[in-house]
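Participant: One letter stands for each residue in the lines below.
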Amino acid sequence: MTLNDKQAFVADIEKQHGQRLRRFLASRLRHRAADVQDLAQEVFLRLLRINHHETIRSSEAYLYTVAFHVLHQHVLRRSAMPETVEITALINELESAPGSDPVTQLETQQQLEELQGALQQLSPKAQAVLLLHRRDGYSLEEIGAQLGFSRAMAAKYLGKALLHCRQRLHENKVGTL
Amino acid sequence: MNTQIYEEASDWIVKNRESDLNAQEKNRFDTWLRESPQNVRAYLEMSTVWEDVASIDPSLNASAAELIARARSEGNIVPLESPSPLRTRRPAETRRRKGTAPFLRKVGLYYGLAASALLTLAGAWLYGQMNTYSTGVGEQRSIVLNDGSIVELNSRSRVRVRFSDAERDIDLIEGQALFQVAKNPLRPFIVSADGIHVRAVGTQFDVYRKTSGTVVTVVEGKVAVFGEPHARSLASHAEKGDAGVSSSSQNQNASTLPLQVMGEGRGPRSGKDEALAPGDSANGAIFLAAGEQVTVTPAATAAASPKRANVAAATAWTRRSLVFDSSPLTEVAQEFNRYNTRPLVIDTQLAEFHVSGVFSSVEPSLLLRFLRGQPELSVEETDREVRISRK
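Chains as they are written, first to last, in the working numbering: chain A, 1 to 177; chain B, 1001 to 1391.
Do not take every clue at face value.
The following residues of chain B were derived to be distant from chain A, with all beta-carbon distances above 12 Å [to be verified]:
{"hint": "1", "residue": "A1009"}
{"hint": "2", "residue": "L1021"}
{"hint": "3", "residue": "S1321"}
{"hint": "4", "residue": "V1345"}
{"hint": "5", "residue": "E1376"}
Result set (SDA-like, lysine to any residue): computed pairs, CA atoms no more than 20 Å apart in a straight line [said to hold, decoys possible]:
{"hint": "6", "chain 1": "A", "residue 1": "K160", "chain 2": "B", "residue 2": "F1163"}
{"hint": "7", "chain 1": "A", "residue 1": "K160", "chain 2": "B", "residue 2": "K1391"}
{"hint": "8", "chain 1": "B", "residue 1": "K1026", "chain 2": "B", "residue 2": "E1008"}
{"hint": "9", "chain 1": "B", "residue 1": "K1026", "chain 2": "A", "residue 2": "I50"}
{"hint": "10", "chain 1": "A", "residue 1": "K160", "chain 2": "B", "residue 2": "E1007"}
{"hint": "11", "chain 1": "B", "residue 1": "K1026", "chain 2": "A", "residue 2": "R135"}
{"hint": "12", "chain 1": "A", "residue 1": "K160", "chain 2": "B", "residue 2": "I1005"}
{"hint": "13", "chain 1": "A", "residue 1": "K156", "chain 2": "B", "residue 2": "E1025"}
{"hint": "14", "chain 1": "A", "residue 1": "K156", "chain 2": "B", "residue 2": "F1163"}
{"hint": "15", "chain 1": "A", "residue 1": "K160", "chain 2": "B", "residue 2": "K1183"}
{"hint": "16", "chain 1": "A", "residue 1": "K160", "chain 2": "B", "residue 2": "S1326"}
{"hint": "17", "chain 1": "A", "residue 1": "K156", "chain 2": "B", "residue 2": "Q1004"}
{"hint": "18", "chain 1": "A", "residue 1": "K156", "chain 2": "B", "residue 2": "F1370"}
{"hint": "19", "chain 1": "B", "residue 1": "K1026", "chain 2": "B", "residue 2": "Q1038"}
{"hint": "20", "chain 1": "B", "residue 1": "K1026", "chain 2": "A", "residue 2": "L47"}
{"hint": "21", "chain 1": "B", "residue 1": "K1183", "chain 2": "B", "residue 2": "T1211"}
{"hint": "22", "chain 1": "B", "residue 1": "K1015", "chain 2": "A", "residue 2": "R135"}
{"hint": "23", "chain 1": "B", "residue 1": "K1015", "chain 2": "A", "residue 2": "S139"}
{"hint": "24", "chain 1": "A", "residue 1": "K160", "chain 2": "B", "residue 2": "R1072"}
{"hint": "25", "chain 1": "B", "residue 1": "K1015", "chain 2": "A", "residue 2": "G144"}
{"hint": "26", "chain 1": "A", "residue 1": "K156", "chain 2": "B", "residue 2": "K1391"}
{"hint": "27", "chain 1": "B", "residue 1": "K1015", "chain 2": "A", "residue 2": "L71"}
{"hint": "28", "chain 1": "A", "residue 1": "K156", "chain 2": "A", "residue 2": "N172"}
{"hint": "29", "chain 1": "B", "residue 1": "K1391", "chain 2": "B", "residue 2": "V1345"}
{"hint": "30", "chain 1": "A", "residue 1": "K160", "chain 2": "B", "residue 2": "S1019"}
{"hint": "31", "chain 1": "B", "residue 1": "K1015", "chain 2": "A", "residue 2": "V70"}
{"hint": "32", "chain 1": "A", "residue 1": "K156", "chain 2": "B", "residue 2": "V1345"}
{"hint": "33", "chain 1": "A", "residue 1": "K156", "chain 2": "B", "residue 2": "T1003"}
Source of the hints: derived by calculation from the structure; they are not laboratory data.
All figures in this text were calculated on a predicted structure; none of them were measured in a lab.
Think of the CB as a built atom: it goes at the ideal place given N, C-alpha and C, for glycine as much as any other residue.
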C-alpha cells in the first residue's frame, strides 16, 4: 500500500467504524485495567514502527486501530490461534456487540456506578459541562452560551471533569487492592 | 502516578473530539503519543471515561435544565419559578435562539417580559394543581423543588408538592422517594405517606410506602418518630399505597395508626430547633439517627423500634440496583414488579423461599437467570407474566 492508500484506509475505518471502535475499546479496556500497561507498551512500540508521516493525518484513528489490533491478537494468543489476522477481518467483530455475558454485564454496571459516584463529586460547573456535552449532546459553544463563559472555558471544564473522573476511578482501584 | 500526563491526555481527548486539529496540532499530538507508553496509556484510559460517561443511565443525573441552573449559581440550587415539571432544553432550541437578529431579540425581550409576567400569574394559579410528579414503571426522576430541596422519585411513584410560607408539605401518594432537604428552620419540610408524617428541617431521608407499612430510612441528620393518635382522620383521605403483588393487604393501609417522624438539621442540636416541638418525647417518640431505619406497621406502631439499617441498600434504587438480604421471594417479586411491566407471580408454596443478592432494576433478565439457576424453582414465562413455582 502506498502512503496515501494507508492514510485513506485508516481515515475510512475511522469514518465508518470510529465510534464503534472507540466504544469497543472502552469496554475491553474497562475490564482489563491491569493489562492496560502492557497494551499501552505494545501500542506505543507499534506506533514507533509506523512512519511518522502516516500517522499525522489522523493519529487518533491510528492509535485506536492499532490498539484494537493488539487487543485482538492478545485474545488470539490466549486461544492459541494464528496471529496473522487482517484488520479488515477484525472489523466484523465490531459488529457483534461485546458484553453480553452476565459477568461482564455486572462488571460494566459496577464500573458505571463508580463513574456515577465520581460524577457526583464534580463541581456543579464541571458536572454540567460533562453531562450536557456527553449525555445531552450540547456543543461546547452552546454550553458556554448557557453557562456564561467562552467555548475555550467550556473545553477546559470538560478536560477537568474527565481528569477528575479518571483519578477517582483510579483511587477506587488502588483502594480495593 | 504522573498527574500531568493525565491532564495532557484529557486536553488531547477534548481537542480531538471537538474539532479537526490543524496541521501543527496534529504534529504535536503525534509527537506527544510517541513520547512514551505512559502517554498512550493515559490517552486510552481517558477515552474509556469519555465513552462511559455517555453510557450512564441518563435519568441518574439531574436534567439539563437543573444542571444549568446549578452551574450558574455555583452550586446553590436556583429555585424554579413554578412547580411545573422540568423539561430538558434541547440543543436545537438554543441554536434557533442564537440566530435571532439583535433587533428581534429586543422585541423578543419585551414579549419575553410580558410572557414571563403571564407565566408568573399562571404559575400562581396552577400552584395548587400542577404540582404532582409521577413516574411510570421502570422510570426514575429527580426533581428540584423551588426551595432547593431535591426529590429523587423511584419507579412507579407519585408525590404532590404543596408549599406555603409556613410549611413545605409533600404527599407521597405512591411508591418511594429520597428527600434531600434544603435547610430552613423557619419552614419545616413534612412528608406525609399513608397517615405517617416525616418532618425535617435539613436532612436526607428515604420514605417507602409499602403495603406492609411505611419504611423511613435516615441518611443524614436525625429524626424523631412518634404516634399521633388524634390525627387519625388524616389516614382516611390517604390514597392507596404502593401497588404490590398481593393486594390482600391493601385495605389495611386505611387503618394505619398515624405516626409522626420528625427530623432536625445536620448541625449540632440547638434548643430552638423547630423540628422538635415540645412534648414530642411525652408522646413516646422514638429517635432515629443517621443510618437507622424504622418500619411502621399498622399493628405495632408503639412497639416499632429503630434498627441499624444498611443505608446503601435502602437507597440502592437511586443507583438502579435492587439489594436483597435473605428477603422472601414475595418481597423480591414486589420490588421487581415496580420496575417491570411483565410481573413476577409467586406461587403461595414459595412463601418461605429467601433470596440474597444485588440485581439490576433495569435489567430484569439477570434476576430471572438467577431464579432459573435455582434447582427448586421452576420459571414459566408468558407474554403477560413470569410465574415462579416449586418444581
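Participant: Hints numbered earlier in the text: which of these fail when held up against the supplied structure?
Facilitator: Hints 1, 2, 3, 6, 7, 11, 14, 15, 16, 18, 21, 26, 27, 28, 31 and 32 are the ones this structure does not satisfy, whereas the remaining hints hold.
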